[in-house]
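Enquirer: Here the structure of chain A is known, so what remains is to put chain B in place on it, guided by the hints.
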Amino acid sequence: MNKGNFKNIARTIQAAFLLIGFMVLTNGAWSQQTFNAKGTVVDQQNNPLPGATVVVEGTTKGVITDIDGNFEINCSKGNTLLISFIGYKNQQIIVQSEQLGSIVLTEDFVTLNEAVVVGVGYGTMRKSDLTGAIASVDSDELKQGVVSSTEQLLQGRVAGLTVIQGTGDPASGASLRLRGGTSLSASNGPLVVVDGIPGVDFNAIHPSEIVSIDVLKDASAAAIYGSRGANGVIIVTTNRANKGKSMQYQGYVAVGTVSNHIDMLSANQWRAWVRENEVTSAIDYGGNTDWQKELEQTSISQSHVLTFNSSTETSGYRVSVNYLNNQGIIKNTQLERLGASLSAFQYGFDNKLKVEAGINTNFDKWNPYDGRIFERMLNLSPTIPVYNPDGSFTRIGGTKYDNPVELHTNRFADNTRHRLLAYTKAELEIIEGLKAVANASYEYNSQQSRLYKPSYAVMEGISDKGFGQRTLGDYTTMQLETYLTYNKQLTDNHRINLLGGYSYLDNTYEGFGAMRRGFDSDLFLYNNLGAGQDYRAGDVYSYKGQAKLISFFARANYNYMGRYMFTATVRRDGSSRFGANNKWGVFPSASVAWRISDESFMAGTSAWLDNLKLRAGYGVTGNQDGIGEYKSLSLLGAGSDTYYDAVTQSWKQSYGPIQNPNPNLRWETTAQANIGLDFSLIGRINGTVELYNKNTYDLLYTYRVSSADYAFPTIMANVGSLNNKGIELTLNGNLMNTNNFNWDANITLAKNMQKVTQLSDEQFQTDDVPSGSLHGIDGMSGQFSQIIAEGYPVGTFWGPLCTGIDSLGKFMMADDGALQDIGNVQPKLSYGFGTSLSYKNFDLDVSMYGMYGQKVLNATAMILHNPARLPSLNVTDSFLESGITDKVTYSSYWVEDASFLRLQTLTLAYNIDGKKFGLGKVRLYVTGENLFVLTNYTGTDPEVSIEGLDNPGFDWFNVYPKPRTFSFGANISF
Amino acid sequence: MKIRNIFLGIVSLLMAASCTNLDEKLYDKVSSSDYGKTPSEIETIVGRAYASLRGFSDEISNAFPTCEFVLFLSETTSDEACIPTRGADWYDEGRYQEAQFHTWSPQNLLVLSAWRYSYTGINKINLIIDQVNKSELSDDEKAVVNAELRGVRAYYYYMLLDLYGNVPITTSVSNTEGISNSPRSEVYAFVESELLEILDLLPAEKLYGRFTQNVANTLLARLYINSEVYIGQARWDDCIEACDRVKGYQLEPNYFTNFLTENENSQENIWVIPYDSKEGTVGNFFASLSFHYKQKQAFSATSNYTDCVNGICLQPGVYSAFDDTDIRKQGFLEGDQISLATGSVILMDNGTPLTYTEAIIDYTAASQNEGVRIKKYEVKEGETWERDHDFVLMRYAEILMMKAECYMRMGAPVMARQMVVQIRDRANVETPADIDLEFIDQEWLREFTLEGLRRSVNIRMGDWFKPWWNKDATPEYRALFPIPQYELDLNSNLVQNPGY
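Chains A and B are the protein sequences, given in the same order. Under my numbering, the residue at position 635 of the first sequence is numbered 635, and the numbers go up by one with no gaps. Under my numbering, the residue at position 52 of the second sequence is numbered 52, and the numbers go up by one with no gaps.
So here's chain A without its partners, still in its complex pose (with noise of 0.2 Å):
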């Protein structure tokens, strides 16, 4: 809470007190008389604010407004009550009558922001006592519309988190990637703390039950989760049993259509050209078919969600059952989902003890199409007609002339997967200040796949006589953590909060699949792989493998007076992946914050400075995602190695060495110093800036050795290092506030510099490591476009500089073709934006996010801008205006700036009193989603995912196009 602002408070409210006391005094005479007067507490938009404080103004009577903001209070006319939520700008009014009415309280832009309570992992801090770099999103500023992955909540609101929606697939997630990645082999993604369940799946939490996401940026905030927290931390919280009664429903109808095609020769074009060229072996079969709409649909989604909780103070239930269909623009794909959850508390023991236990689980089911098409609908001649004029599918033969229609029509292929969440959590309070809080939870994944490619269709079905497969695979985490926590206040100026804990984490993943060729029927599909006759080594096949992770950790946190606050933290991880040489790691932090505007000196300013506050910190994580179970050891497996046994004449399984061991495996190591300054101006802007760099070493790779002098190839180790710096800025404000108006916005910017510093050290070197393969186009077996070398990003395309292309058609490269940096995947600045405006009953979200100075090879334009292409496969329009005539060459012509703005988001409410039909709240939405992409990048989407090292950044066939959907919605209070 901001001290300096709430004095200003606090003194007006005396000014208004001393004058009031005197009107009551000198009105003396109609003042005695007391009775119950009633009222409600209200926001702005009339929603009921519960727990609001009523206080009859110079006495110690006071109340507190319950679950409709219904307040009464015993008083006397004239006397003044004050009333005060916190966020919200203290009311106060004089009583006339009994009937009080509502009281409406204006947010207080200022002190709501500091006073959110943020996740700091193993407990909460107001974000005024924070010293690390936490950045907060509130389930009102939640992306709203579709939401068919839950990653994609977070795109453009947090300053320095990176989301990438690569794919218009419903059943595909979004990737995130904090402040640049620390990590070439490893995953980059943050860690996922759900309700103090650490590793969770993101997916396992439908978007409606979020309350708010609090994102761990730096090291010393994370540092608490040890090895795993590296790329940050995101804590979820989500909606738990709360006090009173209430029903909701949520729902909305969407409809969505492909937002960009590439621009293909049609027909009468591919016709034209024919005729121009005088080219007389071109084959026209007679048709018109636009392969990309064929292929298409326009999708009608829908979600809906209901919800009731029924709570007391000292127990209570919230179940909440929700279903999306979600469907995809392309035929036959779609999402759908059931899920519920369930949450309780109980209190006992004197309210001592809270134990709560809560489920969440969903089912999805979706259909994988196979990525094929979209290659194959670029390729094939506009004059094939789909259909052959009996109905068969149209075959002209050939590779890569696949029918894509029949390639997606005739296959059979239903996925399903099942998560569940479970958790039960204790708390004692045994004695003021000290708590012990054991977690335990459990964490199940089940994903099911059945796939039959019958034995009429082109390509396997065909060739195989029937294809079947079933594949199950389970993910299982069983989590404990038992922790204690100490929080005292010393004196009045000191304040101390302690943790100290434990953690074990075992996790265990098995599966099997089978699968069987030369079906004589074809009515099976995969439900009856028996009826294969053909069946071949690897066809049925299992696996099992577990990982254990066991830690200590412990955090002390230091504030005296509000205005000075130290935190330190330390998590020792032992984890099974590691080598055995190395099981135990430490990974301490430490920061402090001072708020400037408290110091007396600052007094001058606190007319338009509410807030400064000053932070530094410093930690190391680690991140253990790369390395797998089992690869620091020695160790024989069966493979696909199978051999011809001679005495028996059969075949048989061969067992041999599957790796070159390395005991060293430990994990990469990511030590990170952070600056931060938040401050509030002018009672109407808050904002955030963020300093940070972050050196990340023993990064692991698979390094390359010398054949001569080991059986395999790589070998896993712990090398290399990597720099990110950056910074980070984060602005909201409130720019309007009225009683009918009100206007919001915030920017968040982020600039993030990433350098490889080190690949080499004594044992293992390499001077640069080649990425983002080529292998599959024409003419590029093994070739690469991209280096990882010292000195530069990850995902820096390397290739020959092209200056354009010459009056013959060929391209010119500059510097003889020498190969050289033209350019990276990484954002120069990512940044999002968004405002809201509500008028009377009216509000319009607009959310906007975008990237900056990223690069992405355009491999679909590369493949097509081909001359060899004409006329037996198609090409773009743009490929007869570039007047190619040079063969497919990969160069910077190809790397194309694909920076760009989306209108993520805008959403028009209505939001009605529903009291009339017997309901409470209403809120009615259209929402339109992905309206406009502003960018340069030529192909059909510049946001293109850049995990891994395969092929990052690339715009390659297999990118499944983005919708632009409209939803309708409301949301309903009973």
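Source of the hints: derived by calculation from the structure; they are not laboratory data. Just so you know, even glycine gets a beta-carbon here, dropped at the ideal spot from N, CA and C. Check the hints yourself; a few may be wrong.
Stated by the list, open to error - Simulated crosslink set (PhoX-like; lysine-lysine; CA at most 20 Å straight-line): (1) B:K247 to A:K465; (2) A:K840 to A:K921; (3) B:K25 to A:K583; (4) A:K425 to A:K243; (5) A:K652 to B:K380; (6) A:K243 to A:K354; (7) B:K380 to A:K465; (8) A:K916 to A:K840; (9) A:K77 to A:K61; (10) B:K25 to A:K548; (11) B:K375 to A:K544; (12) A:K400 to A:K293; (13) B:K380 to B:K278; (14) A:K755 to A:K828; (15) A:K652 to B:K37; (16) B:K247 to B:K206.
What the hints assert, rightly or not - Partial list, computed: chain A residues near chain B (C-beta under 8 Å): (17) G538; (18) G628; (19) D641; (20) Y655; (21) F968; (22) A970; (23) S973.
Expert: Below, chain B alone, put in the same frame as chain A:
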């Protein structure tokens, strides 16, 4: 207070119970120290040595003995095969052009592929021998098991000796320090001594796909016939002697019996790498790399044949080196290719007929239909990318040809002709009364086209160094390939071959 104590008790119990053990528990794998104790377990480990002969594929290179790029290295640098550049297709960083022009650099992927094939096999076998030595078998039993393993390893070393000459010799399980080269003469001596040491321990009988005494003797014969090239000392007698020790094989009456999909019944094939795609074998797809994209229409009326990618073909002059009556000529595709569905000539994408020509007018910008294609191994409708025929490494005809060449070189052309005539009779061609070394050279070409032997013959005969189609004279040092740059970068103790 009671509940509180119980609660705290549980908490501390849970903390203490499970906090120490971080050993990884194995489920679907076994530790190398726990496996390979019993004879049946040993068998499965030895099996992996034979599986290694099929090579592998990873993100660094393909390393398949049947095609990419182990076979391609010796074939596309010889005078019998080539991979023309067709537009952008098959340019692939110029690796095949370098092979054709004899201008390969140490960076060439073909050069790396064969090196990795050999050493990966060698180091896997070193690990397997280590496992065998740690087992509970008796010393005699170990010696017998190890004999076959050492034999396969000697085969890999023979390849290295032939291709790279001066290579490191390793027989231990790990060389983290980086191992240095041995001169070619030492590698030669190592291969010979290994083979001679194990000869009597190897199976004397025919065992399909295994490294038997017959295989060892054939390999020794190969070593001796090239002895002059390898160490500057001719050993024609030793070669004939080794050939004479090969027992139990004969020429198949039909040349193509050796190349059937079910070629395990051949009485001629001495050593093969067995393949059966249903048993999970991969890497056996040479023919698909040769045929045109639309060739499938000629093999199946419903185009039920694997995709083909129009690559390797015969150098001009090879096809016409066969008499028309020579049945071996049927192993190639030349002229119009007829669609089984329509009965007429298949049309390529550009609308012109698919007619393979022997002439390749511009090697660096060839048309899709130029070059004679290779279908020596049987082709069947419905075949997939991965083939099931066993890949022939050694067959009895080679014994005859090696003897013929040795007799010829030792000045006994009549004896030589007795060998050659057997081969030519089977091929349904007359043998001239007088033959010379040049004739033997051409017979090697005709009998063993695309069987991986041609480069050695070219070098032995000296033609390697003379200009031929799309190739200038080749300097002496290019009789050896360079040590791959990739390997030099990873191992500072390796020294590049002279001249590179």
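Enquirer: Run every hint past the structure and note whether it holds.
Expert: To see whether the hints hold, each was checked on the structure:
1. Only pairs whose Cα atoms come within 20 Å are accepted, and B:K247 paired with A:K465 is rejected, the gap being roughly 43 Å.
2. Distance restraint check for A:K840 and A:K921: the Cα-Cα separation of roughly 14 Å lies within the 20 Å cut-off, and the hinted pair is therefore satisfied.
3. Proposed proximity of B:K25 and A:K583 is supported: the alpha carbons are some 15 Å apart, at most 20 Å.
4. For the hint linking A:K425 to A:K243, the alpha-carbon distance of about 18 Å falls within 20 Å, and the restraint holds.
5. For the given pair, A:K652 sits about 26 Å from B:K380 by alpha-carbon distance, which is inconsistent with the 20 Å threshold.
6. With a C-alpha separation of about 14 Å, the suggested pairing of A:K243 with A:K354 holds against the 20 Å cut-off.
7. Restraint check for B:K380 and A:K465: the C-alpha separation of about 15 Å stays at or below 20 Å, so the hint holds.
8. Between A:K916 and A:K840 the CA atoms are separated by roughly 18 Å; this keeps the pair inside 20 Å, and the hint holds.
9. The hinted pair formed by A:K77 and A:K61 meets the criterion: a straight-line CA distance of about 15 Å does not exceed 20 Å.
10. Pair hint B:K25 plus A:K548 holds up; C-alpha atoms about 10 Å apart against a cutoff of 20 Å.
11. Restraint check for B:K375 and A:K544: the C-alpha separation of about 44 Å exceeds 20 Å, so the hint is violated.
12. Distance check on the hinted pair: A:K400 and A:K293 sit about 19 Å apart at the alpha-carbon level, within 20 Å; holds.
13. Between B:K380 and B:K278, the direct Cα distance comes to roughly 16 Å. Compliance with the 20 Å bound is thereby established for this hinted pair.
14. Taken as a hint, the A:K755 and A:K828 pair is honoured in the structure, with Cα atoms around 13 Å apart against an allowance of 20 Å.
15. Of the supplied pair hints, the one linking A:K652 and B:K37 holds, its CA atoms being roughly 18 Å apart against a limit of 20 Å.
16. Distance hint between B:K247 and B:K206 is fulfilled; the C-alpha atoms sit about 9 Å from each other, no more than 20 Å.
17. At its closest, the beta carbon of A:G538 sits 5 Å from a beta carbon of chain B; the interface hint therefore holds under the 8 Å criterion.
18. Here the hint on A:G628 is broken, as its CB sits about 11 Å from the closest CB of chain B, past 8 Å.
19. Interface restraint check: A:D641 against chain B, minimum CB-CB distance 4 Å, threshold 8 Å, status holds.
20. For A:Y655, the interface hint holds, the least distance from its beta-carbon to any beta-carbon of chain B being 4 Å, beneath 8 Å.
21. A distance limit of 8 Å between C-beta atoms decides the matter here; for A:F968 the minimum to chain B is near 48 Å, and the interface restraint is violated.
22. For A:A970, the interface hint is violated, since its Cβ never comes within 8 Å of a Cβ in chain B; the closest pair sits about 46 Å apart.
23. Checking A:S973 against chain B: minimum C-beta separation of about 38 Å lies over 8 Å; hint violated.
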